[in-house]
Amino acid sequence: MLALFYLFAAISVISALVVVSARNPINSVIALIVCFLSIAGHYILLNAQFLAMVHVIVYTGAIMVLFLFVIMLLNLNKATEPMKSLATRIAAVTAGGLFFLTLAAAIRNGIQVQAANEFDAGVGLVRSVGHVLFTEFLLPFEVSSVLFLSAIIGVVMLAKKEKHQAEAPVEPLTEAERARRTA
Amino acid sequence: MEQGIITAIRTVPLDHYVLLSFLLFSIGVAGVVFRRNTIIILMCVELMLNSVNLLLTAFSAYHSDPRAQVFVFFIMLVAAAEVTVGLSILVMMKRNVDSVDVNQLNRLKG
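Order-wise, the sequence lines are chains G and Y. Residue 44 in the working numbering sits at position 44 of the first sequence, and the numbers go up by one each step. Residue 46 in the working numbering sits at position 46 of the second sequence, and the numbers go up by one each step.
A few of these clues could be false.
To be verified - Here are the simulated lysine-lysine pairs, PhoX-like style, with alpha carbons at most 25 Å apart:
no., chain 1, residue 1, chain 2, residue 2
1, G, 84, Y, 94
2, G, 161, Y, 94
3, G, 78, Y, 94
4, Y, 94, G, 160
To be verified - Have a look at the derived ranges for each label pair, beta carbon to beta carbon:
no., chain 1, residue 1, chain 2, residue 2, range
5, G, 95, Y, 16, 46 to 56 Å
6, Y, 78, G, 78, 52 to 62 Å
7, Y, 74, G, 110, 44 to 54 Å
8, Y, 11, G, 107, 15 to 25 Å
9, Y, 6, G, 85, 30 to 40 Å
10, Y, 85, G, 82, 54 to 64 Å
11, Y, 78, G, 69, 13 to 23 Å
12, G, 110, Y, 6, 33 to 43 Å
13, Y, 85, G, 98, 23 to 33 Å
14, Y, 89, G, 57, 21 to 31 Å
15, Y, 85, G, 130, 37 to 47 Å
16, Y, 16, G, 86, 31 to 41 Å
17, Y, 96, G, 49, 43 to 53 Å
18, G, 85, Y, 98, 21 to 31 Å
Claimed, not checked - Chain Y stretches covered by chain G per the calculated footprint, using a threshold of three residues with CB under 8 Å from any CB of chain G:
no., region
19, 37 to 47
20, 53 to 65
21, 68 to 79
I should point out that these hints are in silico values taken from the structure, not numbers from a laboratory. In this text the structure is predicted, and so the values were computed from the model without any measurement. Built from N, CA and C at the ideal position, the CB exists for glycine as well.
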């Protein structure tokens, strides 16, 4: 079990690093899919089978396909992104590393956990999660549908072409203007 | 059967899961600062959300409490809504400034 955990952990960390460092956005998306699949493996190791299924369906099946669609439709599959300045990149890596060090130092003595409940092999299966979801958390579940409705309306409003744009397409930026904005 | 699941869950120390989540979260934070491409910044936000989900699930399994897993389920719902809105903002940005570079968005009046 420990070996499986280390295998999944190594896959997720390496693919997360690839997400950040890949030049081509398509490679980043593929690496993120690998990372999400390995996290689904962690869920199965933790006996959270319902979450593993939902994770694969929602993240790998819906969200990442959405990312791929946007990359394809906007034709972003070229590695044309200019890098940030060296100082910013060093600062980013230092900030991330220090953040990790701070968090890791906070638990350096280990975590003593007294299990709050008797062990129950049914926790994480559809039956137990669904029972809690539809009794204790029924109101948040219904409210989340309102959230989705507002998200749908917001996306349609945002992605709709405005009238003046439909008539006169926006001129691409000139090189001088692009350089001025980037500076 | 039940004994097998108990050993499966309890053989991996909780610290390992906590450290893995911290590592993934830190990679996400560094990625948001590191990159200029908006779509990759969005993906790094997804990575951070997933590390938090993993942490919640690990504690839920160790405490045998399904409520945390319902919480993870809600985080996934919110993440799905967030991604759709974020990607439509990205489409708007591509249409208006013909770029997905966040450094181009340094003026309030576009």
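Results of checking the hints against the structure:
| no. | hint | verdict |
| --- | --- | --- |
| 1 | G/84 with Y/94 | holds (19 Å) |
| 2 | G/161 with Y/94 | holds (12 Å) |
| 3 | G/78 with Y/94 | holds (15 Å) |
| 4 | Y/94 with G/160 | holds (13 Å) |
| 5 | G/95 with Y/16: 46 to 56 Å | violated (24 Å) |
| 6 | Y/78 with G/78: 52 to 62 Å | violated (32 Å) |
| 7 | Y/74 with G/110: 44 to 54 Å | violated (30 Å) |
| 8 | Y/11 with G/107: 15 to 25 Å | holds (19 Å) |
| 9 | Y/6 with G/85: 30 to 40 Å | violated (52 Å) |
| 10 | Y/85 with G/82: 54 to 64 Å | violated (26 Å) |
| 11 | Y/78 with G/69: 13 to 23 Å | holds (21 Å) |
| 12 | G/110 with Y/6: 33 to 43 Å | violated (20 Å) |
| 13 | Y/85 with G/98: 23 to 33 Å | holds (31 Å) |
| 14 | Y/89 with G/57: 21 to 31 Å | holds (25 Å) |
| 15 | Y/85 with G/130: 37 to 47 Å | violated (28 Å) |
| 16 | Y/16 with G/86: 31 to 41 Å | holds (35 Å) |
| 17 | Y/96 with G/49: 43 to 53 Å | holds (44 Å) |
| 18 | G/85 with Y/98: 21 to 31 Å | holds (23 Å) |
| 19 | 37 to 47 | holds (count 8) |
| 20 | 53 to 65 | holds (count 11) |
| 21 | 68 to 79 | holds (count 9) |
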